[in-house]
Amino acid sequence: MAASSSNGFRVIGTRPIRHDGVDKVTGRAKYGADYAFPGMLHGKVLRSPHPHANIKSIKIDKALALPGVKAIVTSADLPALPDKMEAAGEQAINLNHLSMNILARGKALYDGHPIAAVAATSPHIADEALRLIEVEYELLPPVMTVEDAMKPGATILLPSLRNKEDGPDKETNVAAHLQFKRGDVAEGFKQADYVIEREFKTAMVHQGYIEPHNAVGIYNADGHATIYCSTQGSFVVRALSAAVLGIAEGKIKVVPAEIGGGFGGKTTIYLEPLSVLLSQKTGHPVKLTMTRAEVLRATGPTSGSTIRCKMGATKDGKLVAAQCWLAYEAGAFPGSPVGAGAMTIVAPYNIPNILVDAYDVVVNRPKTAAYRAPGASNAAMASETVLDELAEKCGIDPLEMRLMNGSEEGTPQTVGPPFKRIGFKETVEAIKNSPHYKSKLTGANRGRGVASGFWFNVGLQSSATVNIHTDGTVSVVIGSVDIGGTRAAQAMIAAEVLGVDINDVRPTIADTDSIGHTDVTGGSRTCFATGWAVYEAAQDCVRQLKERAAKLWEKKPDEVVFENGMLSPAQPGGELKPMSIKQIASRLARTGGPIVGRATVNARGVGPAFATVCVDVEVDPDTGKTQILRATIAQDAGKAIHPSYVEGQMQGGMAQGLGWGLNEEYFYDDRGILRNTGLLDYRMPTCLDLPAIETAIVEVPTPGHPLGIRGVGEVSIVPPPAALANAIYHAVGVRMTELPMSPPRLLKAILKKRAAGEAQAAAAD
Amino acid sequence: MHAINYEAPKSLDEAVKLLAAHGEKARPLSGGTDLLIQLRAGTRRPEFVVDIKQIPELTRISFSLQHGLRLGAAAPCISIHENSDMRKYYPGLTEAAHLIGSLQIQSRATVGGNLCNGSPAADTTPALIALGAQARVIGPKGERTVPVDGFCLAPGRTVLQPGELLVEFHIPAPERHSSDAYLRFIPRNEMDIAVVGVGAALSLDVSDDRVVEARIGLGAVGPTPIFAAEASKSLIGKTLDAAAIENAARLAIAVATPIDDMRGTAEFRRHVVGVLTRRTLAKAAERAREANQR
Ligand SMILES: Cc1cc2nc3c(=O)[nH]c(=O)nc-3n(C[C@H](O)[C@H](O)[C@H](O)COP(=O)(O)OP(=O)(O)OC[C@H]3O[C@@H](n4cnc5c(N)ncnc54)[C@H](O)[C@@H]3O)c2cc1C
Chain A
1 MAASSSNGFR VIGTRPIRHD GVDKVTGRAK YGADYAFPGM LHGKVLRSPH
51 PHANIKSIKI DKALALPGVK AIVTSADLPA LPDKMEAAGE QAINLNHLSM
101 NILARGKALY DGHPIAAVAA TSPHIADEAL RLIEVEYELL PPVMTVEDAM
151 KPGATILLPS LRNKEDGPDK ETNVAAHLQF KRGDVAEGFK QADYVIEREF
201 KTAMVHQGYI EPHNAVGIYN ADGHATIYCS TQGSFVVRAL SAAVLGIAEG
251 KIKVVPAEIG GGFGGKTTIY LEPLSVLLSQ KTGHPVKLTM TRAEVLRATG
301 PTSGSTIRCK MGATKDGKLV AAQCWLAYEA GAFPGSPVGA GAMTIVAPYN
351 IPNILVDAYD VVVNRPKTAA YRAPGASNAA MASETVLDEL AEKCGIDPLE
401 MRLMNGSEEG TPQTVGPPFK RIGFKETVEA IKNSPHYKSK LTGANRGRGV
451 ASGFWFNVGL QSSATVNIHT DGTVSVVIGS VDIGGTRAAQ AMIAAEVLGV
501 DINDVRPTIA DTDSIGHTDV TGGSRTCFAT GWAVYEAAQD CVRQLKERAA
551 KLWEKKPDEV VFENGMLSPA QPGGELKPMS IKQIASRLAR TGGPIVGRAT
601 VNARGVGPAF ATVCVDVEVD PDTGKTQILR ATIAQDAGKA IHPSYVEGQM
651 QGGMAQGLGW GLNEEYFYDD RGILRNTGLL DYRMPTCLDL PAIETAIVEV
701 PTPGHPLGIR GVGEVSIVPP PAALANAIYH AVGVRMTELP MSPPRLLKAI
751 LKKRAAGEAQ AAAAD
Chain B
1 MHAINYEAPK SLDEAVKLLA AHGEKARPLS GGTDLLIQLR AGTRRPEFVV
51 DIKQIPELTR ISFSLQHGLR LGAAAPCISI HENSDMRKYY PGLTEAAHLI
101 GSLQIQSRAT VGGNLCNGSP AADTTPALIA LGAQARVIGP KGERTVPVDG
151 FCLAPGRTVL QPGELLVEFH IPAPERHSSD AYLRFIPRNE MDIAVVGVGA
201 ALSLDVSDDR VVEARIGLGA VGPTPIFAAE ASKSLIGKTL DAAAIENAAR
251 LAIAVATPID DMRGTAEFRR HVVGVLTRRT LAKAAERARE ANQR
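Just so you know, the sequences run in chain order A and B. So the first sequence is numbered by the numbering used here: it starts at 1 and just counts up by one. So the second sequence is numbered by the numbering used here: it starts at 1 and just counts up by one.
With the rest of the complex left out, here is chain B:
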């Protein structure tokens, strides 16, 4: 491994300045559970590593029923699972964060790192897409907000420009009967990367079990995580019966563009997109019916 310079700024300002000064030669370090492996393997060779875990704005989790959720990009996954608001209002995102690696990995790994690493198989990304999360980005040219759906451009590539830092996610406040779920398929029972991941968020009108709002995110079945727009739209205004779920599953499969690799065949992945879409919708719906958010 080559020699690197390490900085751990205490404020967002300082971090932005450092990153701006070094441009492409610098790399933010969040939990490091992707970055350290890439440094060791030599697949990324930055000269500066800027540790962002000491910056308060980046590690906080704040929630209110009025304003929804602000989730710091560098909050460790374990703190998400330990947060009772997260478990109650965003159980799908919470379970996605809780699936990453092991407890040890979750003590380091962050949702921001998961997204910025740009892997199509990142577990929390489909869950964020389902929740309609927005990413707040700050950089040399100022601040901007980017929807998570659209943040990733290709494997390992995101919309972030050199010197830009992801600060936090904003997720709207939950509706009365709304909830989310995330399921992934892995060949083992832990310590695997998703072969297929499906996140779904639903808001229901419980009087007749009609879908008011629906969003489905897919992982590991294309070069980037995918927002299954047609599948999501197909559910709105419908009663969530078997036929509606089956139709959404079919539409979700249609937008998947998986490949054959060591984790599974394209054929297998397409089939499992259908299976997990059905299962995830059923789970999110069950939670939404039980939820009494306001």
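For reference, chain A alone in the conformation it holds in the complex:
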């Protein structure tokens, strides 16, 4: 990598080949399902065919009698856990709910809810054993929507659930009501010349990672257990599995496999404790892998939602008030991302008067899990299309409208201190200046839409060690699993600091026994926080290298300078020749032993992320089918370490957001059974459905971070559904307020508009 990048960096900003690339393209990389051990058994999970039912009895005798079946477990095999928020490792979580989602206790709460797990000598025998388990259910009415769940007298999912507002005596499906307030919205709306108010519905959608969940558990006779699995966070798997199993955290080791996508959905546990429990019962390693149908029925998804959004602006386009009401499906247990939805819904804008109410509602659907900027895409669908309508009313270009009202350094956030330096307006400018936005869109039924989005990003804890080997090569050891190019980026940071060639740095992802605590690869935190730890660990190496050179030269460490991988005396001249890392590495034994740099961070001062996108569509007005013609995204990366992987995150999130807008949806029938349990009918976009997505990386460094990095993993999914809705409006004149904007929905809206137009014309005659 001879090419040097901007801002005086040598490695950062270039695009070297990723270290894990060869293994991945040759099929040698080991994903969770690739692990196999001598004597290994195969597990399968029996799942509820009903969305809501009391479990009267589970009879396992017949299944146990099937030759090859070694063990069957139910919730009776798991310890009862407190029904309140408790610390599990680093997070607060209702352990009872977590345990009940691993194996149903007393009640089945969604189609696909695990009831029992079997271990057998082959997956086929385990599968046949499931048919022999007899479960007696007492069916209860399914509660599928937030509207039904919130109705007075609604069927209750969790008898012990209470919320603060309704008090300790009232059974409810509303787990929480949050409110965020600034100024006085009533006064604010009085100043408005235009007020737009709309109600939106968005469907429950899945993260759609290609690799299904998997786990191999090995329980040792000494009470220690090892779990191999694909996860975004090995330490989370360890903490949560320990809690569910009632095993001390330190007795579990989690070895993270390569991961075939997660997008937030692999930040919790499903099969992991089952693999250990079955291994404990049988004395064999036990492997479980999910089918696609299991993935869709019982993991992931993110919330469907109902959102009302009212915004007001003066004639000249100044936003004066916003009032929003959001209710999100949590799934069977509390914990939807509605709080994040509420805090992001108008975050890109400086609006003096805001009132946001948010409700977390349990329904008979799978427990939702994180999905890329959880909760924010739903919210942006509402606010960013209402804003488009306001811009139209005011006769202002939608990008200008965003620039006029955009958040910047000093703007108060919906919650928390004012923004520090952020790059929102820069993303709007980047779209304005993009070849895409500057191009002219012509042709019938074609339209262009823009939208913006905000995401907090997180910091949290990371650990890193950097080793200088005797030949001068470097290894970087981290606890963050690599989903989108982490190894490459972390190696680049070490190479930059140490002034060595990127190919002389080998990154390794360690298991939970081999590295300090590291939080999930999620929240767009890895490059920011783990990158910070690696930066500091490499600086720790530099400090030690200087000490060694000083020793050899009989000088003080501060009389040695380190630059571009070379150590030299601060005072030039004399006999002492500069030394490379390679030269000094061969002399470590004689100067005090190996050099290991180490650092841990609890990274504060995270830089929030913004993105703005532009989408062109063509709609077939006879069928309601939307074809995306062109799409561009501009996003603030703070500092793009490996621009290809930043672009990858931007394109990936945008692709998912467009899929969310176009056709993806959980389709439950009126009995509460999920009908589209495969990727044929859960319609993610294929490569024929999307254009090559154009990117513009904006770099507004995060203040306080040594490299200015800002997380890039999530915000790209926030604006696309709204941009698509805006583009569709500009193509065919209908404002879509429901996701997905699938052909049947869009055609219905088009025909309704046509009929209204004809009625009007007839009346005018």
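Each hint should be verified, as a subset may be incorrect.
Unchecked claim - Away from chain B, derived, C-beta distances all over 12 Å, residues of chain A:
| # | residue |
| --- | --- |
| 1 | A154 |
| 2 | G167 |
| 3 | D193 |
| 4 | A293 |
| 5 | E392 |
| 6 | K420 |
| 7 | H517 |
| 8 | D540 |
| 9 | G573 |
| 10 | K625 |
| 11 | G652 |
Said to hold, decoys possible - Cut-off 20 Å, straight-line C-alpha distance, at most; resulting in silico cross-link-like pairs (SDA-like, lysine to any residue):
| # | chain 1 | residue 1 | chain 2 | residue 2 |
| --- | --- | --- | --- | --- |
| 12 | A | K748 | B | R250 |
| 13 | A | K201 | B | D205 |
| 14 | A | K752 | B | T265 |
| 15 | A | K753 | B | R270 |
As the list claims (entries may be wrong) - If we take Cβ atoms under 10 Å as the criterion, some of the chain A residues that face chain B in the derived model are:
| # | residue |
| --- | --- |
| 16 | D127 |
| 17 | T623 |
| 18 | Y682 |
Quick caveat, the hints were computed from the structure, so don't treat them as lab data. Just so you know, even glycine gets a beta-carbon here, dropped at the ideal spot from N, CA and C.
With chain A fixed as given, assemble chain B with the ligand onto it according to the hints.
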């Protein structure tokens, strides 16, 4: 998945005997692109699977201008698309076969399997109905010929009795100015099952653009694929103008009995039957005018 016995007979005789011997417990395996999924999901649990792809009669495609087309039930869809006679004389059926899944799926999937699976959304069935295809069936009680229109009885159910095997399709030789077309609506641009499918075959008298023969088949808008008889008949003897096409579209909608499901609403499907009938007729007509078959 349960344990199964697998047989791959080399002759039609052997296959018929095997199937007869095991009756309801046996299931023919053609490309397996439906059957394997059903076995894995446990929705079909046969004890014997009889692979029919090694039987020459079942995989051949033979065409002549005198006798028309004999299409083996187990000929993979890809071989249809690769066959120049098929592309030239039956472009509608060919495009239907070429729409199934992906190239990988088409290397396995067959028209026979598509029909015998009994899905109302099978892509090649409306195209076969439009072409007036006849299915040759052989079984324990001998041989019979069944028109494809009428082959399917309900979702997943056909006229085939236990032990019966679909051998091949016979499609009459094309007229001088005749052709066919098949269009389906899917929400994405590939890898979807038809929400609506419409096949149309037309024979024209080009001197005044009059319709001599017309057949329209509909898919995914009822419990079985549908022959739109009234719509087809309405075109015969007419000049193929906008009014005639509109009328046929209206009559096609009238025979559709779609349902609401995850792939679309009944309302949507009815509307799209009209849209696709218009588009498919226009395409078939354009091809028929250009064709110079004899
Ligand atoms: C990814 C994917 C995409 C798909 N896309 C489409 C699509 O776009 N359009 C579409 O229509 N279908 C689609 N399908 C379904 C399937 O590929 C087709 O229905 C295909 O034509 C089935 O043919 P086959 O030879 O694989 O049938 P098989 O699976 O072998 O057989 C299907 C059924 O017919 C029976 N059978 C087969 N041959 C005979 C015979 N000669 N006599 C008696 N019974 C027989 C079998 O016993 C079985 O019950 C798709 C499937 C997959 C997996």
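Hint check:
no., hint, verdict
1, A154, "holds, 25 Å"
2, G167, "holds, 40 Å"
3, D193, "holds, 39 Å"
4, A293, "violated, 8 Å"
5, E392, "holds, 28 Å"
6, K420, "holds, 42 Å"
7, H517, "holds, 41 Å"
8, D540, "holds, 51 Å"
9, G573, "holds, 70 Å"
10, K625, "violated, 7 Å"
11, G652, "holds, 18 Å"
12, K748/A with R250/B, "holds, 19 Å"
13, K201/A with D205/B, "violated, 53 Å"
14, K752/A with T265/B, "holds, 15 Å"
15, K753/A with R270/B, "holds, 19 Å"
16, D127, "holds, 6 Å"
17, T623, "holds, 6 Å"
18, Y682, "holds, 9 Å"
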